[in-house]
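Chains as they are written, first to last, in the numbering used here: chain F, 749 to 890; chain U, 749 to 890.
Careful: at least some of the hints might be erroneous.
You can't tell identical chains apart in this list, so a pair holds if it fits in one copy or across any two.
Derived SDA-like pairs (lysine to any residue); straight-line CA-CA distance at most 20 Å [as the list claims (entries may be wrong)]:
#: 1; residue 1: 872; residue 2: 750
#: 2; residue 1: 863; residue 2: 837
#: 3; residue 1: 872; residue 2: 795
#: 4; residue 1: 863; residue 2: 795
#: 5; residue 1: 872; residue 2: 762
Hints listed in this document are in silico derivations from the structure and should not be mistaken for laboratory results.
2 protein chains.
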Amino acid sequence: MSTSAHNHAIEEGLAFQPKFDASGLVTCVATDAATGDVLMVAHMNDEALRKTIASGDAWYFSRSRQALWRKGESSGHTQRVVEMRMDCDQDAVWIRVEQTGAACHTGRRSCFYRKIDGGEGGAKLSFVDADKMFDPKKVYRT
Amino acid sequence: MSTSAHNHAIEEGLAFQPKFDASGLVTCVATDAATGDVLMVAHMNDEALRKTIASGDAWYFSRSRQALWRKGESSGHTQRVVEMRMDCDQDAVWIRVEQTGAACHTGRRSCFYRKIDGGEGGAKLSFVDADKMFDPKKVYRT
Numbered sequence: 749m750s751t752s753a754h755n756h757a758i759e760e761g762l763a764f765q766p767k768f769d770a771s772g773l774v775t776c777v778a779t780d781a782a783t784g785d786v787l788m789v790a791h792m793n794d795e796a797l798r799k800t801i802a803s804g805d806a807w808y809f810s811r812s813r814q815a816l817w818r819k820g821e822s823s824g825h826t827q828r829v830v831e832m833r834m835d836c837d838q839d840a841v842w843i844r845v846e847q848t849g850a851a852c853h854t855g856r857r858s859c860f861y862r863k864i865d866g867g868e869g870g871a872k873l874s875f876v877d878a879d880k881m882f883d884p885k886k887v888y889r890t
Numbered sequence: 749m750s751t752s753a754h755n756h757a758i759e760e761g762l763a764f765q766p767k768f769d770a771s772g773l774v775t776c777v778a779t780d781a782a783t784g785d786v787l788m789v790a791h792m793n794d795e796a797l798r799k800t801i802a803s804g805d806a807w808y809f810s811r812s813r814q815a816l817w818r819k820g821e822s823s824g825h826t827q828r829v830v831e832m833r834m835d836c837d838q839d840a841v842w843i844r845v846e847q848t849g850a851a852c853h854t855g856r857r858s859c860f861y862r863k864i865d866g867g868e869g870g871a872k873l874s875f876v877d878a879d880k881m882f883d884p885k886k887v888y889r890t
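Using the sequences plus the hints, can you model the full thing?
Structure (structure tokens):
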């Protein structure tokens, strides 16, 4: 098959053919099914993808720990998948989830609790929607 | 600074300190400011980040072409940034955008025009919100 025909099959076909990167991962974006807010960006390997599809709970692969994990297995803050979508070139997945509690390990609902603003002295961050829903020290054994 | 103190500064600080990967990139998720739908997942290098912040238009770095590009520079389908956020560990950016036309090079509004469903024979895709807003052959010189 030519490159062009291959790309056409990936983009216009209905076969599930995730394109894993050199580390065997695809990017996954989880959004809040109720509000549309982006909760987190993480990665899935083949097994995390399969477990997520089969169970309806979000599973990820941690690059830092090099381990498969079910979201919420330590914290109880699980993600129930409402809908799962694949992007055009099949290297990114979007899941709309019902989030229990907070998605972020810092205790916030979303990992995106800081806004980026420009300015004369360069870009700066400012907190927005940054209230903590839990105390990470009490939830994780750190 | 200890690793723990360093992580605390990255997660709880207000200094803009993007954590680029080995290729010099952060992941960027663009959502539709009007609907909350995820439009695309792409990458930004340092220059793309700076140009996006300074101009208010989305700039990305193409891994396949190894080139900086302003979204819509070929197609006219630009993205005006309404809000830009950084995630906890500063390796992913979320932009809420006003999308002109279609975000996807296939002609769809979003790159995520296929749903993933499980089943006995394995996962399958099905089209959803997959109407083409333009004919790629007419917009791009392919």
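A quick look at each hint next to the structure:
Neither within a single protomer nor between protomers do residue 872 and residue 750 lie at most 20 Å apart by alpha-carbon distance, with minima of 47 Å and 23 Å respectively. When the C-alpha separation of residue 863 and residue 837 is checked against a cutoff of 20 Å, the pair qualifies only between copies, where the shortest distance is 14 Å, while the shortest distance within a copy is 29 Å. Taking CA atoms no more than 20 Å apart as the test, residue 872 paired with residue 795 passes between copies only; the shortest distance there is 16 Å, against 38 Å inside one copy. In this homomeric assembly, residue 863 and residue 795 come within 20 Å of each other (Cα to Cα) only across copies, at 19 Å, whereas the closest approach inside a single copy is 34 Å.
Proximity of residue 872 and residue 762 under a CA criterion of 20 Å is satisfied inter-copy only: 6 Å between copies versus 43 Å inside one chain copy.
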